[in-house]
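K.L.:
Using the sequences and the accompanying hints, generate a full structural model.
Protein chains in written order, with this note's numbering: chain A, 64 to 491; chain B, 49 to 203.
Hints are computed from structural coordinates only; laboratory data are not their basis.
Values in this document were obtained by computation on a predicted structure and should not be read as measured data.
Please note that the accuracy of each hint is not assured.
[Claimed, not checked] Between beta-carbon pairs, the in silico distance windows are:
| id | chain 1 | residue 1 | chain 2 | residue 2 | range |
| --- | --- | --- | --- | --- | --- |
| 1 | B | GLY121 | A | ASP415 | 54 to 60 Å |
| 2 | A | GLY378 | B | ASP182 | 55 to 61 Å |
| 3 | B | VAL76 | A | ASP194 | 31 to 37 Å |
| 4 | B | VAL76 | A | GLY221 | 29 to 35 Å |
| 5 | A | ARG406 | B | LEU66 | 26 to 32 Å |
Here a beta-carbon is modelled for each residue, glycine too, at the ideal position from N, C-alpha and C.
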Amino acid sequence: MSGEVLPGEAPAVLPGLLDTEAIRKDFPILDRTVHDGRKLIYLDSAASSQKPRQVLDTLQSYYERHHANVHRGVHVLAEEATALYEAARDKVAAFVNAPSRDEVVFTKNASESLNLVANMLGWADEPYRVDASTEIVITEMEHHSNIVPWQLLAQRTGATLKWFGLTDDGRLDLSDIEQVITEHTKVVSFVLVSNVLGTVNPVEAIVRRAQEVGALVVIDASQAAPHMPLDVQALQADFVAFTGHKMCGPTGIGVLWGRQELLEDLPPFLGGGEMIETVTMHSSTYAPAPHKFEAGTPPIAQAVGLGAAVDYLSGIGMDRIAAHEHAITEYALRRLSAVPDLRIVGPVSAADRGATLSFTLGDIHPHDVGQVLDEQGIAVRVGHHCARPVCLRYGIPATTRASFYLYSTPAEVDALAEGLEYVRGFFA
Amino acid sequence: MYQDVILDHYKHPHGRGLRSGDAEVHHVNPTCGDEITLRVRYEGGTVADVSYEGQGCSISQASASVLNELLVGKDLGEALGIQATFLELMQSKGRITPDEQMEEVLEDAVAFAGVSKYPARVKCALLSWMAWKDATAKALGEAAWEAAGQERRTA
Ligand SMILES: Cc1ncc(COP(=O)(O)O)c(C=O)c1O
Chain A
64 MSGEVLPGEA PAVLPGLLDT EAIRKDFPIL DRTVHDGRKL IYLDSAASSQ KPRQVLDTLQ
124 SYYERHHANV HRGVHVLAEE ATALYEAARD KVAAFVNAPS RDEVVFTKNA SESLNLVANM
184 LGWADEPYRV DASTEIVITE MEHHSNIVPW QLLAQRTGAT LKWFGLTDDG RLDLSDIEQV
244 ITEHTKVVSF VLVSNVLGTV NPVEAIVRRA QEVGALVVID ASQAAPHMPL DVQALQADFV
304 AFTGHKMCGP TGIGVLWGRQ ELLEDLPPFL GGGEMIETVT MHSSTYAPAP HKFEAGTPPI
364 AQAVGLGAAV DYLSGIGMDR IAAHEHAITE YALRRLSAVP DLRIVGPVSA ADRGATLSFT
424 LGDIHPHDVG QVLDEQGIAV RVGHHCARPV CLRYGIPATT RASFYLYSTP AEVDALAEGL
484 EYVRGFFA
Chain B
49 MYQDVILDHY KHPHGRGLRS GDAEVHHVNP TCGDEITLRV RYEGGTVADV SYEGQGCSIS
109 QASASVLNEL LVGKDLGEAL GIQATFLELM QSKGRITPDE QMEEVLEDAV AFAGVSKYPA
169 RVKCALLSWM AWKDATAKAL GEAAWEAAGQ ERRTA
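P.N.:
Structure, rendered in C-alpha cells:
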C-alpha cells in the first residue's frame with residue numbers, strides 16, 4: 064500500500080509543518096519529564112492547551128506591575144489595568160474579525176458563554192423569546208456545555224429541544240434539515256469542530272436554513288478558535304462562544320461574541336457591579352454591551368493573558384497552525400489505522416477534520432489504554448469527553464482521545480502508535 | 049498497578065455471568081462508564097453465590113472476579129469484614145502496605161494496593177464491592193443487615 068509507514072521508519076517530512084523545534088522552546092512545560100525521567104508527550108490539548116512563555120510572562124508582569132481593579136479608578140494602576148483589560152478585548156475582537164470591540168463579552172469559559180446566551184433568550188422579549196411554542200435545535204455531537212444549558216432552558220420555558228443525528232462516519236446528518244429546523248425554531252446551537260470526533264461541521268448549510276426560518280445561530284467554537292482562522296462575520300452566526308485555556312491562554316477566561324444589536328436588545332443575566340448605569344433602591348439601568356454582561360470584577364489578569372495568547376497565535380499565523388495540524392492529522396490517521404484492532408471514532412480522512420482523534424482499541428477499556436500510555440509518558444484523555452451522547456450513538460462506553468496542537472510533532476505520533484502496540488501486547 | 053494477579057483475573061474471570069439470586073443491582077461509575085449488574089444469593093447466613101455481568105476496565109473487571117473468589121462460601125459476617133478491609137486498603141492512597149494479617153484476609157485482593165495510589169482508578173476497583181454491599185442489603189432486608197453489622201463489630 065502506498066503511503067504506508069512501517070513502525071520504526073523515520074517520519075517522512077510532512078508538508079506544511081511548523082518549526083516545532085522553535086515553537087516548543089516557548090512552552091517550558093513540554094520540557095518536563097514524568098514517571099522517572101520519561102519525556103512528556105502531551106496529546107491532550109483538546110482538553111486544555113499548554114501555555115507559552117509569552118503568556119506566562121504577561122501574567123507575571125501584570126500582577127507585578129499593573130494590577131488594580133478595572134474601570135472608574137482614578138489612580139495610575141487602575142488606569143493601566145483598565146487599559147490592559149480593554150486592550151485584550153481589542154485583540155480578541157481583531158482575532159475573530161468582529162465588526163466592533165463592543166461585541167466581545169468576557170466570561171469565565173465557553174460553558175458560561177453558552178449559558179449566558181441560553182439565559183438571555185429565556186428572559187428576552189419578542190422576537191427573541193424562547194417559550195413553549197418554540198423549538199431549540201442542537202446536535203448529537205455537542206459537548207455537555209452546549210446540551211445542558213438548552214435542556215435547562217427547554218425545561219424552564221416548555222420549549223421543545225430537537226437535534227441533528229450523526230452519520231456512521233462521524234458527520235452531522237443534515238438529510239432532514241427542513242424537518243429539524245422549522246418556522247418554530249428560535250435558536251440553533253452547534254459545535255464548529257467536535258471535541259470527540261474532530262469533525263468540522265458545514266456551517267453554511269445550517270446557517271442558511273436557520274436564516275430562512277428566522278432562527279438565531281449560536282456556534283460553539285471552543286475547538287475551532289485555537290486551531291484555525293475564525294471570522295465571525297464569515298460564519299454569519301449571531302453568537303460565537305470559545306474558551307481561553309484551549310488556545311494558549313489562562314484558565315478562567317472565555318469569550319462570547321454576539322452581534323451588537325442583539326447584545327443591545329437582550330436582557331442581562333447576572334447583576335452586579337460594572338454592569339449598571341445607575342442604581343436606585345427600586346430599579347437600575349444597565350451599562351451598554353459588553354459591560355452589561357460582565358457583572359462584578361472580571362477575570363482581569365486572565366483576559367490580559369488571553370490577549371497575549373491571541374498575539375502569540377496570530378504571530379505564528381492561524382492558517383499556518385491549521386496547515387500544521389492538518390499534516391499531523393493526516394499522518395496520525397495513517398499511523399493509527401495501521402494499529403491492529405484500532406477503530407477511529409469519527410471521520411477517517413483528514414478532510415474537514417480537526418486534529419482530535421478518538422478511537423477504541425479492540426475491547427481494551429480506554430482507562431487501561433490511557434493508564435499504560437501514561438506509564439510511557441504519553442498523556443491522552445479517556446472517557447466520554449463530556450459528550451456522552453456521542454458514545455451512546457456509536458455504542459461504545461468511552462474512547463481514548465489523542466489531540467494535537469501547534470507544538471505536536473510527527474515523532475509524537477510515532478510514539479503514540481508504538482505506545483498503542485505496547486498496550487495491545489500488555490493486555491493480550 | 050497492573051500486577052500479574054490483576055491481569056490474570058481480568059483475562060480469566062471467576063464466576064462471571066448472571067445466575068439466579070435473591071437480589072440484583074446495577075451500578076455505574078459515571079466518570080468512565082464502567083458498569084456492573086450483580087446478583088447475590090444467600091443460603092442461611094452464607095454467601096451462596098455472587099454472579100455478575102459488566103463492562104469496564106481491567107481494574108473493575110478483575111476486582112469483581114476477586115470478589116467472587118473471596119466472598120462465595122463465606123458467612124455474611126466474615127464477608128462484611130473482608131469488604132471493610134478491602135475498602136480500607138483502597139482508600140489508603142497507597143499508604144497501607146498490606147501486612148501478613150491483611151494478606152490472610154484479602155488473599156488476591158492485596159494486589160490492588162497499588163491501585164489505591166491512583167485516585168481516578170479507586171472507584172473502578174470498588175465498583176463491584178459497593179454493588180455487592182448494596183445487593184446484600186437488598187436481599188437480606190435492613191434488619192438482618194444491621195444485625196450482621198453488629199455481629200461483625202462485636203466479633
Ligand atoms: C466543544 C467544546 N465546547 C465547550 C467546551 C467547554 O469549555 P469550558 O470547559 O472551558 O467551558 C469544551 C471543552 O471542554 C469543548 O471541547
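K.L.:
Run every hint past the structure and note whether it holds.
P.N.:
We went through each hint and held it up to the structure:
1. B:GLY121 / A:ASP415: 54 to 60 Å: holds, 59 Å
2. A:GLY378 / B:ASP182: 55 to 61 Å: holds, 57 Å
3. B:VAL76 / A:ASP194: 31 to 37 Å: Roughly 35 Å apart at Cβ, these two residues keep to the hinted range, so it holds.
4. B:VAL76 / A:GLY221: 29 to 35 Å: Given range 29 to 35 Å: holds, Cβ gap about 31 Å.
5. A:ARG406 / B:LEU66: 26 to 32 Å: With Cβ atoms ~28 Å apart, the hint holds.
Hint compliance for this structure: no hint is broken.
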